[in-house]
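Student: One-letter residues, chain by chain:
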Amino acid sequence: MRGGRLELQGLRRSFGGIVATNDVSLDFAAGSLSAIIGPNGAGKTTLFHLITGLLAPTAGRVLLDGEDITGRNQQVIVRRGIGRAFQVANLFPSFTVAESLAAAILTHEGRTANLFRAFPPTDIVGRAGEVMELCGLQHLAGAPARQLSHGDQKLLDIALALALDPKVLLLDEPTAGMGPDERWRMIGCVHRLWQARRMTLIFIEHDMDIVFRIAETVRVLRYGTVLAQGTPEQIRQDPAVIEAYLGSEHALQAAP
Amino acid sequence: MSRFSGWRGDVLVALIAFSLVAALSLGVGSHALIDFIIRLGIFGLLALSLNLLIGTAGLVSFGHAAFFGSGAYAFGLLMQSGGWSVPAAVLAALTGSALLALVIGVLCVRLSEIYFAFLTLAFQMLIHSMVISWVSLTGGDQGLMGGIPKPPFLGVELARPAHLALFSAFCLALSAVLLRQVIRSPFGVALRMLRDNPQRAAFLGLSVFRYRLGAFVIAGTFAGLAGVLMALYVSGAFPTFLYWTTSGEALFMIMLGGIGTFLGPILGAAVFLFLSDRISGFTEHHGLFFGAILLLLVLGLRKGMLDWAVDAWRARGKGRGV
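Line by line, the protein sequences give chains A and B.
Position 7 of the first sequence, counting from 1, maps to 7 under our numbering, and the rest follow consecutively.
Position 143 of the second sequence, counting from 1, maps to 143 under our numbering, and the rest follow consecutively.
Next up, chain B with everything else stripped away, as it sits in the complex (with noise of 0.2 Å):
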């Protein structure tokens, strides 16, 4: 095995992938560059975190944006309450996701499949309700106004949106290293085993509950941090965030670029963002054409299209008797 397989070459290539984007957005450096990156760190992180429920663990989540809004909120509030620092705050917004994921989780992983869904996207809507109706501190249906402070720390100012967009491709780099370990660790293993069958992770004495339980934290804790950037984006937080479409939205993501392979989700959430971009420039019917898109995909590839594009490559190494 070289040197360079296991999470040291993850950290290479993020490294890599990183100082690129750093290079273009500072380079280029134009606003529809920058707001792209921002957005891709955005939603390439919440779509990557679902995908280790849904394609590491087996788990088809619904309400994975419950913990996306709940981050959003958290920091938001944290930060207009005044006298928290960014990194605090984020520390603290993560925190607060993580623990929401593991009493959401606790009462929903027991279910196996449809009912899990069902119950995730419950969750979803009482938190969405709860937001809605607590106006005095969550300001309901306007969301929270006024404005979000970010105050510079160690050289990063936040309010420029050329250093959000390298915070924003970090914390996607930083997360993405740190799932991929999580996937390629003992316990990933155990979520696959739970994804291929759990009835004989079972019978091998693996506590089914458990796993599934750490893999859902997990999932909602980098949702979590999605939502923080989502907050420092827009400067606020809004019950949209917490809607069954921002999950939706995240599912559609996964399902473009592939569930099986570690980018996919991060592929799909560019081209969704792309296509969204063009779409809306000359329509208002989203749903049409991402529907169309959707059709032709299942119809098509049957697959993501880094599953696609993954699978193509075996089979052409394996016809040239590679």
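Just chain A, with the same shape it has in the complex (with noise of 0.2 Å):
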């Protein structure tokens, strides 16, 4: 195992007199796959930004394998291993896929500073064909992102992420703005991802049906706190959940 825990020790941070997040405290166990839900304003993309290093906490700690990283600025704890993912898509526009995915990996190898050779170098190509195909990317290898359909678009932002090979992956709303079938094919192609690498895979997703699906565990936020934790199971008969946020129908709903 070559680790991915992360821990979150009472964090919390305001802005101004509007507490975002509140003393959450959460432990992600390596290699697990969690669903994280809430309703709008819950709290959920800022401890992303907590987590990755865009904010800074007002206070608590993030440990990642035990190490303290909290407040180290958004490279740092991307090399240390937390990639992310956004909810919406965060590219380069005028790279293809090909050059963006060779890009991100050369970034993440340092190997950037580099003024003599050709870019991309050839033992890159390989790899971030690797990514494309994971990704089931390879077909637009080609194409600009700028031209890519949406849910194409959440796919290379999430590959980017991927490409960095990180300890644990943070995907912001992988499915948003998806059609039914669409968000089925994305789920279906970050489930095989997290099957195929075994990182430790955080997601923030509205669509129960796809968190009861395939998530182990599952975390819910409101007001900037901790809810409830458990499994599908235990979160679908939770009556603070189920008052909170889920209302009635998932509750009576069978297991899938």
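Each hint should be verified, as a subset may be incorrect.
[Claimed, not checked] To spell it out: a stretch of chain A is covered by chain B in this simulated footprint if at least three of its residues, at any positions, have a beta carbon under 8 Å from a beta carbon of chain B; those stretches are:
no., region
1, 36-43
2, 90-101
3, 104-118
[As the list claims (entries may be wrong)] Listed next, the in silico SDA-like pairs over lysine to any residue satisfying Cα-Cα at most 20 Å (straight line):
no., chain 1, residue 1, chain 2, residue 2
4, B, K303, A, T231
5, B, K303, A, P93
6, B, K150, B, W84
7, B, K303, A, S94
8, B, K303, B, E249
9, B, K150, B, A88
10, B, K150, B, Y233
11, B, K150, B, S235
12, B, K303, B, H285
[Claimed, not checked] Here are the computed distance ranges between Cβ atoms for each label pair:
no., chain 1, residue 1, chain 2, residue 2, range
13, B, R302, A, I18, 54 to 62 Å
14, B, F118, A, R117, 31 to 39 Å
15, B, H286, A, L115, 32 to 40 Å
16, A, Q9, B, V298, 37 to 45 Å
Source of the hints: derived by calculation from the structure; they are not laboratory data.
All values derive from a computational prediction rather than experimental measurement.
We treat Cβ as the ideally placed atom computed from N, Cα and C, and that holds for glycine.
Could you fit the two chains together into a complex? Lean on the hints.
Tutor: This is the structure in structure tokens:
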């Protein structure tokens, strides 16, 4: 096992008088697949910002495999092995799919300072191809990112994070803005990635069917605090969650 | 991939272009043509180096002429002090420009977009004021007077216009090959990532600051070389070299030729110089005509000439299903 245990201890972040993240303590086991759910404004994306160094916490700690990485900047955290994909696909519009991934791998390996070689170096091309294949993007290798469909842009966004071979991968609503068919294609892809690489995968998701279908554990946030956590079955039965968020519909359904 | 698709191909193209220019300037040898080639070398290089910042790294600098001026003054002062050969003085002037770009860059590249643009402009004006007021060294608003000695080296006599034209064309061709390699290299790809999406680049682990600074220093160094050529051309150095209007002209050339195509700035410089010669033949109101041309370009093509031509060529290829 190559690690990837992520611990959040008493994490807190306030913006002026508003507390977006309030004493959040969560433990994600190495190699686990977890979902974070919660209504809009529950502090899910803020939590990702705090983990990845885009925001510094007001209090609390973030530990990766026992090492304190609280408040380090994005570059340091990503090099320690926490990759991230975004709610709105966050790409390099003029780069083709193959170029994007090759550039990501080169960057991760600290090889971008080279002025004398041509891009992409031959040893990178094959590895970029592997990531493309894993994400089902190989047929789009030569297409510029800006011309991809919404779903393929989201996939490329995930592929960019994946190209860094992270220990922990954070996906912020991988299926946002997709139709039902596309959603399942995406989530099938995410699940395959997790099985292939066995990284710690944490995703934010609104679609409860998806969450209950693939997540090993579910964490429910509300008003910046942890409302509940447990297996999908436990969450489905949890009275507080039902009242706050799910409604009775999901509680009554049998497990898929 | 063909054997000539990389830097070898660029060297080949540069050699051919240089040979053509050499044949032209030695064969035709008209005064106007030689003059034009010298100035094309100077301003093509200035625009090309600025486009490394604008087109590749996405950093719009309004203060690029600061390094043009520093190259010219450093070279002029060294040559006037005596005891320096031309190549040594060129290297020293480039080093000076690189150091100046490093210092200014450290302070500027942390800022984004409009703040970066304004701060580069401010530093340029600061240096301009220093040059104006440090009369004992720079000659103040009179500039470096008394001519610049140009001792021959390796059979090159820069005092002769034809030799200077070849030297100028050589510097442009060599710089173009080097800058093209910079853009093609992993470093250049990092710059393009920063242009496209600095936030995401940071999330891949790229240091935004270091790479922007690198681009700023490289661009400043090549602008310094353009300044050296300018000092050789006018046999002096003047405060207008580092005034904001010089930066503005370089920007204008880039917009004219195109930011998205490597040779766009050189074409822009050629067109700018050509028009500038024609227009000053019959009017003193330069700005009026250039303003009208820029308006036509912005409203009509919506991009520089070479960008437009390349896009049109690609669209034509697609239309035929190529």
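Student: Hints first: check each against the structure and report whether it holds.
Tutor: Quick rundown of the hints versus the structure:
1. Given as covered by chain B, the region 36-43 of chain A fails the check, having 0 residues with a CB less than 8 Å from a CB of that chain where 3 are the minimum.
2. Counting residues of the region 90-101 of chain A whose CB falls under 8 Å from any CB of chain B gives 7; the rule of at least 3 is met.
3. Look at the region 104-118 of chain A against chain B: 13 of its residues bring a Cβ nearer than 8 Å to a Cβ of that chain, three or more, so the hint holds.
4. Of the supplied pair hints, the one linking K303 of chain B and T231 of chain A is violated, its CA atoms being roughly 56 Å apart against a limit of 20 Å.
5. Annotation: proposed proximity of K303 of chain B to P93 of chain A holds, straight-line Cα distance about 18 Å (limit 20 Å).
6. Between K150 of chain B and W84 of chain B the CA atoms are separated by roughly 10 Å; this keeps the pair inside 20 Å, and the hint holds.
7. A threshold of 20 Å between alpha carbons decides the hint, and for K303 of chain B with S94 of chain A the separation of about 17 Å falls inside it, so the pair holds.
8. With a CA separation close to 17 Å, the supplied pair K303 of chain B and E249 of chain B stays within the 20 Å bound.
9. Only pairs whose Cα atoms come within 20 Å are accepted, and K150 of chain B paired with A88 of chain B is accepted, the gap being roughly 12 Å.
10. Our distance criterion of 20 Å between C-alpha atoms is met by K150 of chain B and Y233 of chain B, whose separation comes to about 11 Å.
11. Annotation: proposed proximity of K150 of chain B to S235 of chain B holds, straight-line Cα distance about 9 Å (limit 20 Å).
12. Between K303 of chain B and H285 of chain B, the direct Cα distance comes to roughly 25 Å. Violation of the 20 Å bound is thereby established for this hinted pair.
13. For R302 of chain B and I18 of chain A, the hinted distance range of 54 to 62 Å is not satisfied, since their beta carbons lie about 43 Å from each other.
14. At roughly 36 Å, the beta-carbon separation of F118 of chain B and R117 of chain A lies within the given 31 to 39 Å, and the hint holds.
15. For the hinted restraint 32 to 40 Å between H286 of chain B and L115 of chain A, the CB-CB distance of approximately 39 Å keeps it satisfied.
16. Distance hint check: the CB atoms of Q9 of chain A and V298 of chain B are about 56 Å apart, inconsistent with the given range 37 to 45 Å.
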